[in-house]
Amino acid sequence: MLRYIYADELNRFPKLRDTMFADRAEQFRHRLNWKVAVDDAGHERDEYDAINPLYVIWQRADGGHGGSMRFLPTTGQTMVNDHFTDLTDGVSIRHPLVWECTRFCVGARAEPRVAAALMLGGLEVGLGFHLSDAVGVFDARMVRIYRRLGWEPTVLGASGAGRDAISVGLWAYHADLRPGLLRRAGVSAELSRLWFDRAFGAPQVLAAAV
Amino acid sequence: MQQTATLDELQGHIVGLRDVFDVEHLVYHSVNSTGQQYAALTYSPDWVERYLEQDYARVDPVVQGCYRRFHPVDWRRLDWTGKASREFMGEARDAGVGDQGFSVPIRGPSGQFALFTVSDRRSDDQWETYTETHVRDLILAAHFVNQKALEIERGSDEAAFQKLSPREVDALTLLAMGYSRGQAAESLSISEHTLRVYIESARFKLGAMNTTHAVARGLTLGLLVV
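One line per chain: the protein sequences are A and B, in this order.
For what it's worth, this note's numbering labels the leading residue of the first sequence as 13, then goes sequentially.
For what it's worth, this note's numbering labels the leading residue of the second sequence as 633, then goes sequentially.
A couple of the hints might just be wrong.
Said to hold, decoys possible - FRET-style restraints, in silico, Cβ to Cβ:
#1 A:Arg41 <-> B:Glu641: 49 to 55 Å
#2 B:Arg768 <-> A:Pro215: 35 to 41 Å
#3 B:Asp651 <-> A:Arg121: 34 to 40 Å
#4 A:Ala187 <-> B:Ser823: 19 to 25 Å
#5 A:Glu123 <-> B:Gly743: 38 to 44 Å
#6 B:Gln758 <-> A:Asp51: 48 to 54 Å
#7 A:Arg41 <-> B:Thr765: 43 to 49 Å
#8 A:Asp74 <-> B:Gly648: 53 to 59 Å
#9 B:Tyr670 <-> A:Arg210: 34 to 40 Å
#10 B:Glu818 <-> A:Leu203: 42 to 48 Å
#11 A:Asp51 <-> B:His845: 45 to 51 Å
#12 B:Gly648 <-> A:Pro215: 45 to 51 Å
#13 B:Thr666 <-> A:Asp20: 20 to 26 Å
#14 A:Asp30 <-> B:Arg700: 43 to 49 Å
Unchecked claim - Simulated pairs of lysine to any residue, SDA-like, Cα-Cα distance not exceeding 20 Å:
#15 B:Lys795 <-> A:Val126
#16 B:Lys795 <-> A:Asp101
#17 B:Lys715 <-> A:Gln89
#18 B:Lys795 <-> A:Arg72
#19 B:Lys795 <-> A:His95
#20 B:Lys715 <-> B:Gly730
#21 B:Lys795 <-> A:Ile17
#22 A:Lys27 <-> A:Thr97
#23 B:Lys795 <-> A:Gly102
#24 B:Lys795 <-> A:Ser104
#25 B:Lys795 <-> A:Lys27
#26 B:Lys795 <-> A:Gln216
#27 B:Lys715 <-> B:Arg754
#28 B:Lys715 <-> A:Gly102
Quick caveat, the hints were computed from the structure, so don't treat them as lab data.
Values in this document were obtained by computation on a predicted structure and should not be read as measured data.
Here a beta-carbon is modelled for each residue, glycine too, at the ideal position from N, C-alpha and C.
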């Protein structure tokens, strides 16, 4: 199932939290060979995990992490603006309707639909909070995955070559992306809405509540 | 709003925005990294006094639901089921706050946090329609007000426009010269999607509500030479 969890709520889900940071170490340090810090517990965390980002997480039936991504508003501190403006023509991207999405991670043993489910979660965040775009950093391997999922970013710039290339891209939010992602994730529209509402509250009739 | 020089004036603009958005009340509240607070709002002084005296921030579901968050919140999605929350809401309603509300938490630079809220007495159906129509304008206005407040606090808008990159200046300059977005994108060898985000981003950094305004401000500040 999809979970939407701010960092300060992660402690309520210790298994999910620990397996997420362990899977991130596995993907970014060991598979992609990025220069990321891994702590003694084998967890990959950075300074952006410390400023209360919003995670979109695919939780497996056993309670562990299947895949995840991390959102931050571009009006505050972001990785793209701090470290990757050489890939954005020097432009630091700041806008209330653009959030940064980083650390797209899929567990090594995850089923194929997990990537689609994560993209669906990313779309629900954008549509639910009225965003125009997401900006993110991704590795060359992801290009094929985004294409297969039917939601390709506009690439602002890339560094490195071949498998080692790192790019900054923009994803535009459109409601018409939803049916395709629901289908590829194998999730109904009702279930996706339920997961979102469970995290952010379902609309209630206020007059009746008092 | 561009000429806002003091926080007192900001208060005047809060009242103006309330009328523009056609809502019962509008509230802006900022806390910076050193804990300094500032509020500009349209609630009655009695309600503000009562709220502070009772320290209602402890039970106010809006504060509880927005603190350390950055997604906008329709009040109907908050948890009002607790006894203290229900009593608080009853009192707020009697004070003219209204049943409906929409709040935008803002995460600004250096640990600054602000909350921008509109509240109203519309019915659920009317509010649904209202928010569907105005939600993006509300989010942008929230950040616009926050930028003005930060500028006032800094005493200058200099820091904001120094962050424009040559690429953003080029993009705005081409629009100021009358290029269409398509022509501007082609001239800069970037996609229209990229151009749109660069322009929006520059607009935001200039504290401009629209592109025309951004171009005007860029010209005034001497950033653009046409």
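Hints, verified against the model:
{"no.": "1", "hint": "A:Arg41 <-> B:Glu641: 49 to 55 Å", "result": "holds, 52 Å"}
{"no.": "2", "hint": "B:Arg768 <-> A:Pro215: 35 to 41 Å", "result": "violated, 18 Å"}
{"no.": "3", "hint": "B:Asp651 <-> A:Arg121: 34 to 40 Å", "result": "violated, 57 Å"}
{"no.": "4", "hint": "A:Ala187 <-> B:Ser823: 19 to 25 Å", "result": "holds, 21 Å"}
{"no.": "5", "hint": "A:Glu123 <-> B:Gly743: 38 to 44 Å", "result": "holds, 40 Å"}
{"no.": "6", "hint": "B:Gln758 <-> A:Asp51: 48 to 54 Å", "result": "holds, 52 Å"}
{"no.": "7", "hint": "A:Arg41 <-> B:Thr765: 43 to 49 Å", "result": "holds, 47 Å"}
{"no.": "8", "hint": "A:Asp74 <-> B:Gly648: 53 to 59 Å", "result": "holds, 55 Å"}
{"no.": "9", "hint": "B:Tyr670 <-> A:Arg210: 34 to 40 Å", "result": "holds, 35 Å"}
{"no.": "10", "hint": "B:Glu818 <-> A:Leu203: 42 to 48 Å", "result": "holds, 43 Å"}
{"no.": "11", "hint": "A:Asp51 <-> B:His845: 45 to 51 Å", "result": "holds, 47 Å"}
{"no.": "12", "hint": "B:Gly648 <-> A:Pro215: 45 to 51 Å", "result": "violated, 30 Å"}
{"no.": "13", "hint": "B:Thr666 <-> A:Asp20: 20 to 26 Å", "result": "holds, 21 Å"}
{"no.": "14", "hint": "A:Asp30 <-> B:Arg700: 43 to 49 Å", "result": "violated, 22 Å"}
{"no.": "15", "hint": "B:Lys795 <-> A:Val126", "result": "violated, 39 Å"}
{"no.": "16", "hint": "B:Lys795 <-> A:Asp101", "result": "holds, 13 Å"}
{"no.": "17", "hint": "B:Lys715 <-> A:Gln89", "result": "violated, 38 Å"}
{"no.": "18", "hint": "B:Lys795 <-> A:Arg72", "result": "violated, 43 Å"}
{"no.": "19", "hint": "B:Lys795 <-> A:His95", "result": "holds, 15 Å"}
{"no.": "20", "hint": "B:Lys715 <-> B:Gly730", "result": "holds, 19 Å"}
{"no.": "21", "hint": "B:Lys795 <-> A:Ile17", "result": "violated, 32 Å"}
{"no.": "22", "hint": "A:Lys27 <-> A:Thr97", "result": "violated, 35 Å"}
{"no.": "23", "hint": "B:Lys795 <-> A:Gly102", "result": "holds, 10 Å"}
{"no.": "24", "hint": "B:Lys795 <-> A:Ser104", "result": "holds, 8 Å"}
{"no.": "25", "hint": "B:Lys795 <-> A:Lys27", "result": "violated, 42 Å"}
{"no.": "26", "hint": "B:Lys795 <-> A:Gln216", "result": "violated, 42 Å"}
{"no.": "27", "hint": "B:Lys715 <-> B:Arg754", "result": "violated, 24 Å"}
{"no.": "28", "hint": "B:Lys715 <-> A:Gly102", "result": "violated, 52 Å"}
In summary, the structure is inconsistent with hints 2, 3, 12, 14, 15, 17, 18, 21, 22, 25, 26, 27, 28 from the numbered list given earlier, while agreeing with the others.
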